[in-house]
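Position one of the sequence shown corresponds to residue 1 (this note's numbering), numbered consecutively onward.
I should point out that these hints are in silico values taken from the structure, not numbers from a laboratory.
Be a bit skeptical, because a hint or two may be false.
[What the hints assert, rightly or not] Below 27 Å or equal to it, Euclidean Cα-Cα: the simulated DSS-like pairs (lysine-lysine) are:
(1) K21 with K97
(2) K329 with K22
(3) K31 with K97
(4) K21 with K31
(5) K274 with K257
(6) K21 with K99
(7) K257 with K273
[What the hints assert, rightly or not] If you anchor each label on the Cβ, the simulated ranges turn out as follows:
(8) K273 with I192: 36 to 46 Å
(9) V226 with K273: 23 to 33 Å
(10) S225 with Q53: 11 to 21 Å
(11) A127 with Q214: 22 to 32 Å
(12) S103 with L331: 11 to 21 Å
(13) Q214 with Q50: 51 to 61 Å
(14) S103 with E272: 50 to 60 Å
(15) K258 with I39: 52 to 62 Å
(16) R185 with G218: 43 to 53 Å
(17) D115 with D26: 13 to 23 Å
(18) M313 with S13: 25 to 35 Å
(19) Y46 with T280: 32 to 42 Å
(20) I207 with A127: 52 to 62 Å
Ideal Cβ positions, reconstructed from N, Cα and C, are used throughout, including at glycine.
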Amino acid sequence: GRDIPENNSGGCSLSVLIVAKKEFADQISSKRFLALAGIILLITVYTVYQGVQGFYNAYASGMHKPFVSIFGISSSLGFMTFGAFLGLLMGFDLITKEKEEGSLKTLLSHPVYRDSVINGKAIGAFAALGVAIFLVLTISVGILLLYGIYPTLSDVGDVVKFGALTLVYTFTFFAISLFASTIARNSGTALIIAFGFLILFMAVLPILGEIASQFIVGPPPRPPSVPPPAVPVPPPGGEGTQVRIQEGVPAEDEEVKKLWEEYERQSREYWEKKRAISDTFSILSPSNNYLALLSSLGARTFFETKDTTKNLMGFIALPVIFFIMSYIKFLRMDIA
């Protein structure tokens, strides 16, 4: 139920903003937040500096590279690793610490709804993450401008997408740790639960997907015992293919040709089935989805393949699900 008598929607909105403002101020001033944000900044700036060198050389020689390539794989891994830690450490004691200190009971004794508290805390944390990522990207683009390379509107759009994906990624782990904070009795337990989810989504699920696909599909098909009648080899120029007839095997041997065509068909089907099963598990991995969506940046369309669309669905669904579970649990929580 509610903690106070009915209030108007304007008062409820004001309560959310007040809680969000306090949460934002607490987050950006915390040592944990500043330390991890600083690490991400250092990794990104170093990676961007290296990426700018390659981008500038390609730019000077007339070659086209995606603008977001300046961030490089190391920068993405920096966001992926320390961004996950940042999200977790921002939320694991958000509720438990206030319960332990008794401040949550005091807060709810004031004219404020429980949903205003949980929504305000989420908005404040989201804003803090947004500010950190915005500063990192702004400094990174500034480095590029020092080299006299100016982004086009399309390039700016790619950077915005990069920032949006990174923001959702870090907020995913905040939502996970917020859920842990609502179900745990104390902050220590909440931290263990939050890191358990991190290990599950980032390491265990992809491994389980590989094991499950191997178990369900079985071993790959074996090639025929006879050599193929022809082997495709690249020409000296490097484009297209040439066919070299193997000695002792006539090219017109249709039976051998059919055996190898059947083997190739079975191999394609095998790896497609194996990948489909593995992707079913990986679609729940925020890190896998994050890297898959980043790989589509710089293309003419934001989502280049059907797989990235599935990645997008899993990428957005996970933080939403965990926040909804946190929301429901917090509204039903016994504060006494």
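* Asked: When the hints from earlier in the document are held up against this structure, which numbers fail?
  -> Hint check: 10, 11, 13 and 20 fail, others pass.
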